[in-house]
Amino acid sequence: AQKITQTQPGMFVQEKEAVTLDCTYDTSDQSYGLFWYKQPSSGEMIFLIYQGSYDEQNATEGRYSLNFQKARKSANLVISASQLGDSAMYFCAMRARSQGNLIFGKGTKLSVKP
Amino acid sequence: DTGVSQDPRHKITKRGQNVTFRCDPISEHNRLYWYRQTLGQGPEFLTYFQNEAQLEKSRLLSDRFSAERPKGSFSTLEIQRTEQGDSAMYLCASSLWRDSGRAFFEQFFGPGTRLTVL
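The listed protein sequences correspond, in order, to chains A and B.
Read in order, the letters of the first sequence correspond to residues 1 to 114 in this note's numbering.
Read in order, the letters of the second sequence correspond to residues 1 to 118 in this note's numbering.
Errors might be hidden in some of the hints.
[Claimed, not checked] Partner residues are not named here, just some residues of chain B that face chain A (Cβ under 10 Å, in silico):
#, residue
1, Pro8
2, Arg31
3, Gln37
4, Glu56
5, Ser58
6, Pro70
7, Gly72
8, Ala93
9, Phe109
10, Pro111
[Unchecked claim] Simulated crosslink set (BS3-like; lysine-lysine; CA at most 25 Å straight-line):
#, chain 1, residue 1, chain 2, residue 2
11, B, Lys11, B, Lys57
12, A, Lys106, B, Lys57
13, A, Lys3, A, Lys70
14, B, Lys57, A, Lys3
15, A, Lys3, A, Lys109
16, A, Lys73, A, Lys109
[To be verified] Non-contacting residues of chain B with respect to chain A, defined by C-beta distances greater than 12 Å in every case (computed):
#, residue
17, Thr2
18, Asp7
19, Lys14
20, Arg15
21, Gly16
22, Gln17
23, Val19
24, Ser62
25, Phe74
26, Glu78
27, Arg81
28, Glu83
The set of hints was computed from the structure by calculation and includes no laboratory data.
Note that beta-carbon positions come from the ideal geometry of N, C-alpha and C, so glycine has one too.
All chains should be modelled from the sequences, with the hints used to inform the complete structure.
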């Protein structure tokens with residue numbers, strides 16, 4: 001069975017500092033994709049970054065980077081230079097090749113302090 | 001706006017009534033997904049379509065739930081005889097899918113329909 005675990009219910013970070021949000025996953029598929037989404041209080045899920053299981057380099061998108069450690073089955077999100085607008089829920093998700101849908105973790109609530 | 005749209009954004013209904021939600025995906029996307037999200041949880045998969053074919057349904061999708069995508073464009077999700085436990089945010093997402101090349105495409109989500117069953 002596929003599973004995503006996010007162990008940090010809430011995190012605080014000072015504005016302009018970097019923060020790492022943890023995500024571990026479990027799957028028996030060899031081919032899978034890992035995704036991070038941001039959900040502000042408005043409710044819309046915003047795609048941030050994607051990492052494929054066969055990608056050799058860690059994904060980066062602007063201030064977001066994904067620290068992918070395949071052997072440890074972890075896919076942590078790193079946000080550099082935090083901004084007040086980064087305050088939101090962050091969800092880690094996975095899609096195994098054998099499935100069509102995303103499996104989500106329970107999320108981490110990030111609060112950026114001025 | 002070329003994103004995923006959902007209608008209505010909010011729906012309040014009485015227990016036992018039927019409700020229907022609509023989702024319009026991004027036009028070139030051939031896959032469409034429905035998820036349900038309750039407070040404090042991540043979205044949970046309900047069902048998805050590739051073009052007009054419904055490819056998978058979750059065990060969460062009881063007999064009271066039905067989804068359609070008749071022409072492979074917009075989709076509807078109907079809940080019959082609503083129960084208080086159906087109160088949740090219903091999210092629609094769409095993505096590309098191709099038989100070859102890149103294996104995974106990100107799913108783009110709509111703003112959701114918040115259902116409250118009294």
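Hints, verified against the model:
Nearest Cβ of chain A to the Cβ of proline 8 of chain B: about 14 Å, over the 10 Å cut. The hint is violated. Annotation: arginine 31 of chain B was flagged as interfacial toward chain A, and the flag holds, the nearest CB pair being 7 Å apart, inside 10 Å. About 9 Å separates the beta-carbon of glutamine 37 of chain B from the nearest beta-carbon of chain A, less than 10 Å, and the hint is met. The beta carbon of glutamate 56 of chain B is positioned within 10 Å of a beta carbon in chain A (closest approach about 6 Å), and the interface hint is therefore held.
Given the 10 Å rule on beta carbons, the hint for serine 58 of chain B holds: about 8 Å separates it from the nearest Cβ of chain A. Interface restraint check for proline 70 of chain B: the shortest CB-CB distance to chain A comes to about 19 Å, outside 10 Å, so the restraint is violated. With 10 Å as the threshold, the beta carbon of glycine 72 of chain B stays out of range of chain A, its nearest partner Cβ sitting at about 15 Å, so the hint is violated. Annotation: alanine 93 of chain B was flagged as interfacial toward chain A, and the flag holds, the nearest CB pair being 7 Å apart, inside 10 Å.
The beta carbon of phenylalanine 109 of chain B is positioned within 10 Å of a beta carbon in chain A (closest approach about 4 Å), and the interface hint is therefore held. Proximity of proline 111 of chain B to chain A holds as hinted, the smallest CB-CB distance being about 5 Å (cut-off 10 Å). Restraint check for lysine 11 of chain B and lysine 57 of chain B: satisfied, since their Cα atoms lie roughly 23 Å apart, inside the 25 Å limit. Note on lysine 106 of chain A and lysine 57 of chain B: the hinted pairing holds, with a Cα-Cα distance of about 21 Å set against a maximum of 25 Å.
In summary, the hint linking lysine 3 of chain A to lysine 70 of chain A is supported, as the alpha carbons are separated by about 15 Å, within the 25 Å threshold. Restraint check: the Cα-Cα separation between lysine 57 of chain B and lysine 3 of chain A comes to about 18 Å, which is no more than 25 Å; the hinted pair holds. For the proposed pair lysine 3 of chain A and lysine 109 of chain A, the alpha carbon gap of about 19 Å is at most 25 Å, so the pair holds. Among the hinted pairs, lysine 73 of chain A with lysine 109 of chain A is consistent with the structure: their alpha-carbon atoms are about 22 Å apart, no more than 25 Å.
Every C-beta of chain A lies more than 12 Å from that of threonine 2 of chain B, the closest at about 15 Å, which supports listing it as non-interface. Taking the minimum C-beta to C-beta distance to chain A, about 15 Å, the non-interface status of aspartate 7 of chain B holds against the 12 Å cut. The beta carbon of lysine 14 of chain B sits about 24 Å from the closest Cβ of chain A, which is more than 12 Å, so the claim that it is off the interface holds. The Cβ of arginine 15 of chain B sits about 24 Å from the closest Cβ of chain A, beyond the 12 Å cut-off, so the non-interface label holds.
No beta-carbon of chain A is positioned within 12 Å of the beta-carbon of glycine 16 of chain B; the least distance is around 27 Å. With a least beta-carbon separation of about 23 Å from chain A, glutamine 17 of chain B lies farther than 12 Å from that chain, consistent with its non-interface assignment. The claim that valine 19 of chain B is not at the interface with chain A holds, since no C-beta of that chain comes within 12 Å of its own (minimum 18 Å). No beta-carbon of chain A comes within 12 Å of the beta-carbon of serine 62 of chain B; the shortest separation is about 17 Å.
The claim that phenylalanine 74 of chain B lies off the interface holds: its Cβ sits roughly 19 Å from the closest Cβ of chain A, which is beyond the 12 Å cut-off. Residue placement check: glutamate 78 of chain B keeps its beta carbon more than 12 Å from all beta carbons of chain A (closest about 20 Å). Listed as outside the interface, arginine 81 of chain B is consistent with that label: its C-beta sits roughly 25 Å from the nearest C-beta of chain A, beyond the 12 Å cut-off. Look at glutamate 83 of chain B: its CB is around 22 Å from the nearest CB on chain A, clear of 12 Å, so calling it non-interface holds up.
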